Amino acid sequence: MLSSLTKNKVSRRDFMKACAAMAVYLGLSESFAPKIADAVENASKKAPVVWIEAQSCSGDTEAFLNSSEPTPAQILLDTISLKYQDTVMFGTGYVADKALDDAIKAGGYVLVVEGSIPTADPLFCTVGTESATNPARKPVIDTLKEAYKNAAVVIALGSCATWGGVVQDCPSKGRGVAEVLGKDKVINLPLCPCNPDHLAGTIVYYLTFKKAPPLDIHQRPLMFFGSIIHDNCPRRAHFERGEFVTDYGDPKQADYCLYLKGCKGPFTFSDCPSRGFNENVSWCIKASAPCAGCSQPEFYAGFSPLYVKSNDVNLPGIGGVPSETVGTVAAAVTALGVAAHLVGRSVFGKKKEGDK
Amino acid sequence: MANKIVIDPVTRIEGHLRIEVEVENGVVKDAWSTGTMARGFEAMLLGRQPMDAIYVTERSCGVCTLVHGMASSRTLDMAYGCKVPEAGILLRNLMLAALHMGDHIQIFYNLNAPDYIDITAVAGYKGNDPKLLAIKDKIVSLVKANDTSPFTPTYKNDQYTLTDPEIVTTLVSHYLQAIEARAIAQKCVAIFGGKSPHQAGIIQGGVTYHPNLEDLIKYKESILKVIDFVENVYWKDILFLGAGPLLPVGQAGLGGGYNNYLSGPEFQADESGKDFLWKGGVVTDGNLGAVQPLDGQKIAESVAHSWYDYSNNQPLLAPYEGQTKFNLTKEGAYSFVKAPRYDGKPYEVGPLAWAMTTQPKEFMDIVTKLNIKPGFLARHAARSYQAVDVARNVLKWVDQLAGLMGKGPLIVNDDKPTPNTGKGAGFVEAPRGFLSHWAIIEGGKLKNYQQVVPTTWNGSPRDANNVRGQFEQSLIGIPVPDPENPVNVVRNIRSFDPCLACAIHIIHPESNRILKFVVE
Ligand code: SF4
Ligand code: SF4
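So the protein sequences, as listed, match chains A and B.
In terms of our numbering, the first sequence opens at residue 1 and continues consecutively.
In terms of our numbering, the second sequence opens at residue 1001 and continues consecutively.
Check the hints yourself; a few may be wrong.
[What the hints assert, rightly or not] Straight-line distance between alpha carbons at most 25 Å, and here's what the computed DMTMM-like set of lysine to aspartate or glutamate pairs gives:
no.: 1; chain 1: B; residue 1: Lys-1423; chain 2: B; residue 2: Asp-1270
no.: 2; chain 1: B; residue 1: Lys-1325; chain 2: B; residue 2: Asp-1343
no.: 3; chain 1: B; residue 1: Lys-1218; chain 2: A; residue 2: Asp-101
no.: 4; chain 1: B; residue 1: Lys-1225; chain 2: A; residue 2: Asp-101
no.: 5; chain 1: B; residue 1: Lys-1407; chain 2: A; residue 2: Asp-250
no.: 6; chain 1: B; residue 1: Lys-1220; chain 2: A; residue 2: Glu-69
no.: 7; chain 1: A; residue 1: Lys-35; chain 2: B; residue 2: Asp-1147
no.: 8; chain 1: B; residue 1: Lys-1330; chain 2: B; residue 2: Glu-1022
no.: 9; chain 1: B; residue 1: Lys-1416; chain 2: A; residue 2: Asp-216
no.: 10; chain 1: B; residue 1: Lys-1156; chain 2: A; residue 2: Asp-101
no.: 11; chain 1: B; residue 1: Lys-1445; chain 2: A; residue 2: Asp-14
no.: 12; chain 1: A; residue 1: Lys-45; chain 2: B; residue 2: Asp-1137
For the record, the hints were derived by calculation from the structure and aren't laboratory data.
Since the model is a prediction, treat every value here as computed from it, not as a measurement.
Could you put the whole structure together from the sequences, leaning on the hints where they help?
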């Protein structure tokens, strides 16, 4: 971790290696490494970042602190100038408030929004005192509107900030940045929580090229959200063979397909299978937890119920099958149509969601 | 003449919190704690398939993540009638243990320590430790570039601010190491839970992950680094600061409160579900000699001063009967937090409550010898000692799980269909304190779902009898000599490790926003 603090003296080579890795990871050729190094290294021009939490759980902040290459210390000390971030900044109260005001006035920052924006009533989320719309408490939506205006680019981080995520269907009716504040500057980085690599990668891309990476129709970077989980899932062969987990307690089924446990992998665009989480030690499906589809606009209510060994399983194109017979009919059902249906869906899905 | 000071946002906590204090003669006379954000998970869950609750409630908190998934799974364990097999219990323990240690490290170094240091003191470092010199160079270069955010601006220094360059530089170095150590702890959770925050693998009956030796070795290698940090950096720093430069804070007992403490059973020892590493218990009015067993039936919540309505204005409702009906304009209400009470009274939860109800000898000996009284320093000491206690037990569970390997370990009891009707409660002693979930199932769907979380206990507003919550009570008497510098208020609040989705702003006197009024 301290490599960031000493890199100019000792480990220039390691730093260049990291930049080359970053280039590959952004889908660029290694020859971009010097350009990335230049962009990342120039400490006198650290990119100002304003990070505002609306209806959040701080899970994306936590995920950001799990970044590994670059590490949070490298990002904080060398790459960005974090003007406001209420879970980590040292200042509090009016001191924090003023830092935010100053940053917004200066403009030209990367605005990171974490959490959804309440639309049922602005009083569902207030931070601060006094605003034009409320004398006692300041609705976060007022702050976000100001911050959006002067931002150079806006990153909606995590599923809540992209489309409302879990909060979409709550009484506060949380919605995403693009819907509430405007679409033009927004890069959507869904997942619940965000993958910290996606955030670091997007910031580095932006610093290097001064523009957003290529996006899909949901404004997600194609380099991270260009393919369907199901297409890259290590359990896919079991799906094709009709081998499904029906009982977690049976070790024979340990790496079978999770479709009958409610897996939304066939409907979900993300690079979770290759990137994983927490230094790629695992991801949902690797831990036998069915994908909940957290990168999709339908998440969560549109995908509910999750994780369910339903009494009746709805197989696409086939309809309801009683769960007791699933084990015996699954293989036949697969051969008959599930695979074909899902393959069709994913090809269609790619065309539909993959190209802008 | 009293000054009323509003701090909104309170930063470096989880969630959005507003604290108002009334200061007279340099000390806090009265206080109000306000949770300013609500999403409404409980209301959304009604009518849904019960397992959704595990996934959804996990999103309550992204900092001490996984505990809601665990509480919810235990709730459904009971409602579905599942008995968790040994390997499932151990895997749950291993995840929770990693979370406990990682969370406590973060709470102290990254969220609380900045309240006690003047980071500019680093420039005066005269030693020759290459690591510390690198930090000095870095901070000095940031100062030269006139770009030191997010480390500045801050409140002004006061008598408790550490300014010794050697101590501050060491703490800044540990601040940076802590970020790394907590990430390793989260990785340990992810090995079995898929990812962290928001692990995905704890379900009713156990866990979904099938253990293998390779992963267990990975876990052990990583957790050893976390244990090392807890025992050799965190605990030693606390002993040094608590017995040295911050001893006056501990002895003054600033931030004590009611001396009512409550903690739950945790780290299940076997399949019986009766034996736990920590038994939990209840201490009332500081009577440490009379620890009572925890009785879930005595928990009930008031919404008299919260933005909710209860039908027929009932003063208290037990969680099974709980209601989440918003009323954002309710007269006399000032928080989204409800007011949980045990036997009608407010209780503190969290590591200090854990220490007061379990009374570990080593810890009690130290605080007795140093004459440290309940308050914000004692809370940090208890938190670090709890991390040490977990660190001393976790490898035992690793070995136990290794012993089950290859015996076709049963990780989950998954044969149970969703019951048509059922009822369940799940308890977790989370890093932030006692957490409980409560569910009623009817027609295979959730008829009611309630969460009573640690910060609801600690951060509650007044109840139907106008009795203050624990944050509010603990602030009474806290010194605020300068209304522009209420650093002791936030030191105290942060020592609870609040989890609300946070925000404190002080109303700035220059813009004429300190409310001045005469107390009659
Ligand atoms: S349904 Fe899910 S588990 Fe099965 S192959 Fe597809 S993505 Fe993998
Ligand atoms: S596997 Fe599915 S649920 Fe898990 S993080 Fe990826 S998209 Fe989200």
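Is it true that the CA of Lys-1416 of chain B sits at most 25 Å from the CA of Asp-216 of chain A? violated, 42 Å
For the pair supplied as a hint, Lys-1156 of chain B and Asp-101 of chain A, is the alpha-carbon distance within the 25 Å limit? holds, 20 Å
Could you grab the alpha-carbon distance between Lys-1330 of chain B and Glu-1022 of chain B and see if it respects the 25 Å cut-off? Holds, because 23 Å separates the two Cα atoms, which is no more than 25 Å.
25 Å limit on alpha-carbon distance, applied to hinted pair Lys-35 of chain A and Asp-1147 of chain B: holds, 23 Å
Has the given pair, Lys-1225 of chain B with Asp-101 of chain A, been kept, meaning a C-alpha gap of at most 25 Å? violated, 41 Å
Restraint status (C-alpha distance of Lys-1218 of chain B to Asp-101 of chain A at most 25 Å): violated, 45 Å
Given the hinted pair Lys-45 of chain A and Asp-1137 of chain B, is their Cα-Cα distance within 25 Å? holds, 18 Å
Can the restraint linking Lys-1220 of chain B and Glu-69 of chain A be considered satisfied, given a maximum Cα separation of 25 Å? The given pair, whose Cα atoms are some 23 Å apart, holds under the 25 Å limit.
Need the status of pair Lys-1407 of chain B, Asp-250 of chain A: alpha-carbon distance at most 25 Å? Roughly 12 Å separates the two Cα atoms, so the pair holds.
Holds or violated: Lys-1445 of chain B and Asp-14 of chain A, Cα atoms, limit 25 Å. With Cα atoms ~55 Å apart, Lys-1445 of chain B and Asp-14 of chain A exceed 25 Å; violated.
Is it true that the CA of Lys-1325 of chain B sits at most 25 Å from the CA of Asp-1343 of chain B? Holds, at roughly 24 Å.
Are Lys-1423 of chain B and Asp-1270 of chain B close enough, with their CA atoms no more than 25 Å apart? Holds, because 23 Å separates the two Cα atoms, which is no more than 25 Å.
When held up to the earlier numbered hints, the structure conflicts with 3, 4, 9, 11 and fits the remainder.
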